[in-house]
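Colleague: Listed below, chain by chain, are the residues.
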Amino acid sequence: MMATTKLDRQFMKLFKDEWPGQLQTTPVRLAVLGSSTVDHLFPGIRIGALRRNLWVTIYKGDYGQYVQDIYDAGSALHAWQPNTILFAFDSRHLLGGYQVGEAAQATESRLNETTERIVHLWRAARDKLGCQVIQQTALPIYPRLFGENENRLASSPAALLDRLNERLRVLAEKEGVTLLAMDHWAAQDGLSSWHDPALWHRAKQEIHLAAMPMYGDIVGRVLAALQGKSRKCLVLDLDNTLWGGVIGDDGLDGIVLGQGHALGEAFCDFQRYAKDLARRGVILAVCSKNDEKNALLPFEQHQDMVLKREDIACFSASWGDKATAIRSIARQLNIGLDALVFADDNPFERNIVRRELPMVAVPELPEDPALFPAMIARAGFFESLALTAEDMMRTRQYEDNSKREAAREQATDMQSYLRSLEMTLHWSRFTQVDQARVVQLINKTNQFNLTTRRYSANEVANLLDDPAVVALQMRLADKFGDNGIIAIIIGYRTDEATIDIDTWLMSCRVLGRQVEQAALAILAAEARRMGARRLVGRYRPTEKNGMVAEHYPRLGFAPLPGGAGTDPQFVLDLDARCEVPNFIQITEN
Amino acid sequence: MSETEVMQQLNEIFRDLFELPELELTPGMSADDIDEWDSVNHVMLVVEIERQFKIKFHTAEVEEMKNVGDLVRLIVAKCEAK
Numbered sequence: 001m002m003a004t005t006k007l008d009r010q011f012m013k014l015f016k017d018e019w020p021g022q023l024q025t026t027p028v029r030l031a032v033l034g035s036s037t038v039d040h041l042f043p044g045i046r047i048g049a050l051r052r053n054l055w056v057t058i059y060k061g062d063y064g065q066y067v068q069d070i071y072d073a074g075s076a077l078h079a080w081q082p083n084t085i086l087f088a089f090d091s092r093h094l095l096g097g098y099q100v101g102e103a104a105q106a107t108e109s110r111l112n113e114t115t116e117r118i119v120h121l122w123r124a125a126r127d128k129l130g131c132q133v134i135q136q137t138a139l140p141i142y143p144r145l146f147g148e149n150e151n152r153l154a155s156s157p158a159a160l161l162d163r164l165n166e167r168l169r170v171l172a173e174k175e176g177v178t179l180l181a182m183d184h185w186a187a188q189d190g191l192s193s194w195h196d197p198a199l200w201h202r203a204k205q206e207i208h209l210a211a212m213p214m215y216g217d218i219v220g221r222v223l224a225a226l227q228g229k230s231r232k233c234l235v236l237d238l239d240n241t242l243w244g245g246v247i248g249d250d251g252l253d254g255i256v257l258g259q260g261h262a263l264g265e266a267f268c269d270f271q272r273y274a275k276d277l278a279r280r281g282v283i284l285a286v287c288s289k290n291d292e293k294n295a296l297l298p299f300e301q302h303q304d305m306v307l308k309r310e311d312i313a314c315f316s317a318s319w320g321d322k323a324t325a326i327r328s329i330a331r332q333l334n335i336g337l338d339a340l341v342f343a344d345d346n347p348f349e350r351n352i353v354r355r356e357l358p359m360v361a362v363p364e365l366p367e368d369p370a371l372f373p374a375m376i377a378r379a380g381f382f383e384s385l386a387l388t389a390e391d392m393m394r395t396r397q398y399e400d401n402s403k404r405e406a407a408r409e410q411a412t413d414m415q416s417y418l419r420s421l422e423m424t425l426h427w428s429r430f431t432q433v434d435q436a437r438v439v440q441l442i443n444k445t446n447q448f449n450l451t452t453r454r455y456s457a458n459e460v461a462n463l464l465d466d467p468a469v470v471a472l473q474m475r476l477a478d479k480f481g482d483n484g485i486i487a488i489i490i491g492y493r494t495d496e497a498t499i500d501i502d503t504w505l506m507s508c509r510v511l512g513r514q515v516e517q518a519a520l521a522i523l524a525a526e527a528r529r530m531g532a533r534r535l536v537g538r539y540r541p542t543e544k545n546g547m548v549a550e551h552y553p554r555l556g557f558a559p560l561p562g563g564a565g566t567d568p569q570f571v572l573d574l575d576a577r578c579e580v581p582n583f584i585q586i587t588e589n
Numbered sequence: 001m002s003e004t005e006v007m008q009q010l011n012e013i014f015r016d017l018f019e020l021p022e023l024e025l026t027p028g029m030s031a032d033d034i035d036e037w038d039s040v041n042h043v044m045l046v047v048e049i050e051r052q053f054k055i056k057f058h059t060a061e062v063e064e065m066k067n068v069g070d071l072v073r074l075i076v077a078k079c080e081a082k
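Residue numbers (this note's numbering), protein chains in the order written: chain A, 1 to 589; chain B, 1 to 82.
Worth double-checking, as some hints may not be accurate.
[Stated by the list, open to error] Below, computed lysine-lysine pairings styled on BS3-like, alpha-carbon distance capped at 27 Å:
id : chain 1 : residue 1 : chain 2 : residue 2
1  : B       : K54       : A       : K204
2  : B       : K56       : A       : K6
3  : A       : K13       : A       : K293
4  : B       : K82       : A       : K6
5  : A       : K293      : A       : K275
6  : B       : K78       : B       : K66
7  : B       : K78       : A       : K204
8  : A       : K293      : A       : K204
9  : B       : K54       : A       : K128
10 : B       : K56       : A       : K544
[Stated by the list, open to error] On the chain A side, residues computed to face chain B include the following (Cβ under 7 Å):
id : residue
11 : A198
12 : H201
13 : K204
14 : L560
15 : A564
16 : G565
Quick caveat, the hints were computed from the structure, so don't treat them as lab data. Computed from a predicted structure; not experimentally measured. Glycine included, every Cβ here is placed at the ideal spot set by N, Cα and C.
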């Protein structure tokens with residue numbers, strides 16, 4: 001509340017009522033007409049709209065003067081020339097004069113009178129003032145008189161309000177009026193989040209001042225939807241976003257998805273929410289750091305996948321950075337980056353996308369996937385006002401377009417992003433303490449693994465004191481936290497001058513951050529210390545490690561001639577200098 | 001919480017809300033002494049105090065607050081009763 005208020009003050013100081021003129025949207029001249037205090041909501045509305053690049057100037061009517069304002073052609077409102085009117089009537093005003101116990105017929109005609117009055121206002125606002133009309137539904141503030149079966153007491157104010165809201169929905173549909181569903185918000189958050197009777201008595205604020213930022217955001221998203229500025233596409237990460245685990249490492253049977261497992265059901269539920277969104281016109285895309293073959297596997301073969309390949313209009317699986325991938329998705333779908341919402345469980349990916357592409361919406365997903373659907377729904381990214389036939393067909397259309405478009409890569413400013421991460425690579429020889437984790441990584445890592453050599457706990461333990469072995473573990477920390485052990489390298493001294501790299505594996509979580517170069521620098525220094533003059537590495541291809549085929553050449557190793565049918569081998573002369581990325585600090589533990 | 005602590009935190013809220021970074025509250029101060037302390041800001045002040053101290057004022061209490069000293073004593077009493 002305070003943050004929004006202060007932001008709004010700054011904003012008003014800077015711009016007053018002058019439209020800055022740079023926004024690609026139509027300025028909104030919004031009249032907020034109510035029957036009690038509404039101006040406490042204005043900072044929220046201005047900021048909520050501004051978040052969506054909408055410039056809003058607000059007209060505040062005098063207390064209870066909205067009838068004259070609307071119908072009198074000489075009124076201040078007419079002179080002000082609004083283009084949008086929000087009717088924000090408080091419930092007490094709407095039900096003024098109700099009488100508990102009166103005959104059903106009297107209640108009925110009371111309701112009719114109220115709705116007729118409102119519809120007249122709508123029509124006048126539309127026809128005489130040429131305005132878009134937004135109607136706030138009544139906040140259910142009345143305590144119940146019967147209880148669970150309140151509807152059986154037709155004259156109860158609580159029951160009346162429910163019926164009034166039902167009617168408003170039908171009428172709004174007929175009259176082309178946009179609703180602000182305050183009754184839904186009260187049901188979702190609890191009435192006390194939205195209404196405090198004490199504040200009503202003190203300041204005639206029906207909407208709680210503390211709820212002002214949320215209220216303003218809701219108005220903002222509806223105003224944006226009226227200009228067709230809602231978001232259109234949900235871009236989904238795969239591993240630990242659509243299923244638990246890493247498909248490339250855990251395999252089809254290892255990922256967590258499906259019935260009989262609470263977490264697996266939660267992921268299914270999120271997929272179902274995405275699918276429901278797709279069915280009503282939101283485009284789905286996938287952006288994953290994966291081999292495409294691995295990424296597609298669950299879509300093609302896992303029987304608990306709710307989302308199918310044909311639900312995804314644009315499928316991007318590669319090892320490039322996600323900001324670049326997302327640019328390419330927008331281009332292929334031929335929509336603006338500001339139409340995208342990016343859902344990823346990994347804070348690193350979220351932050352690079354926020355930094356590189358601030359126009360993409362990147363929700364701070366909760367850790368528990370059970371909470372993903374409600375979180376995304378609450379943010380209102382895809383606010384829509386009507387369903388069209390194209391909506392129902394949209395995913396298919398975009399998929400077709402996307403197939404026609406060729407993907408163009410565009411480099412993003414990676415260097416400065418990586419620098420901003422403040423990475424430190426802590427390394428040591430294998431330790432007893434971390435042995436369990438080391439064994440686990442050696443036996444689990446499939447993708448970034450040059451040889452996929454497995455070691456038992458005993459074999460790892462034997463490496464600890466062997467003077468002819470260089471066995472390194474590396475932990476990466478950055479400003480977002482500690483990623484734990486993410487790299488393991490095991491080398492054997494095979495002759496006086498040579499260290500042979502038997503194992504080099506890394507966690508895919510830290511890919512694209514040039515940790516490989518830093519790891520090589522550590523290895524080279526250790527090898528030199530042991531008196532070696534060269535490093536030899538090999539790539540043993542498996543079904544899953546295609547991504548590291550070029551690992552050694554990328555690090556400056558030269559190919560070693562080998563016999564046909566043998567694994568490619570590479571050599572690095574240790575007399576030459578190793579390039580170390582200057583944005584990764586290296587520390588020995 | 002002691003009166004001094006409450007006073008300090010309250011001072012921060014006042015400085016923040018009224019955008020008066022130099023403001024030094026004294027127990028005798030009232031709305032008459034601070035131009036920005038109008039009826040609209042008073043509502044916000046009360047809501048913000050309720051939020052920060054996690055207390056709820058009685059409707060009658062809000063009406064009876066005459067000066068900063070009253071407010072501090074009320075907050076201390078409410079916090080102790082929690």
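Colleague: List in ascending order the numbers of the hints, as given earlier, that are violated by the structure.
Modeller: Hints 3, 4, 8, 9, 10, 13, 14, 15, 16 contradicted; others consistent.
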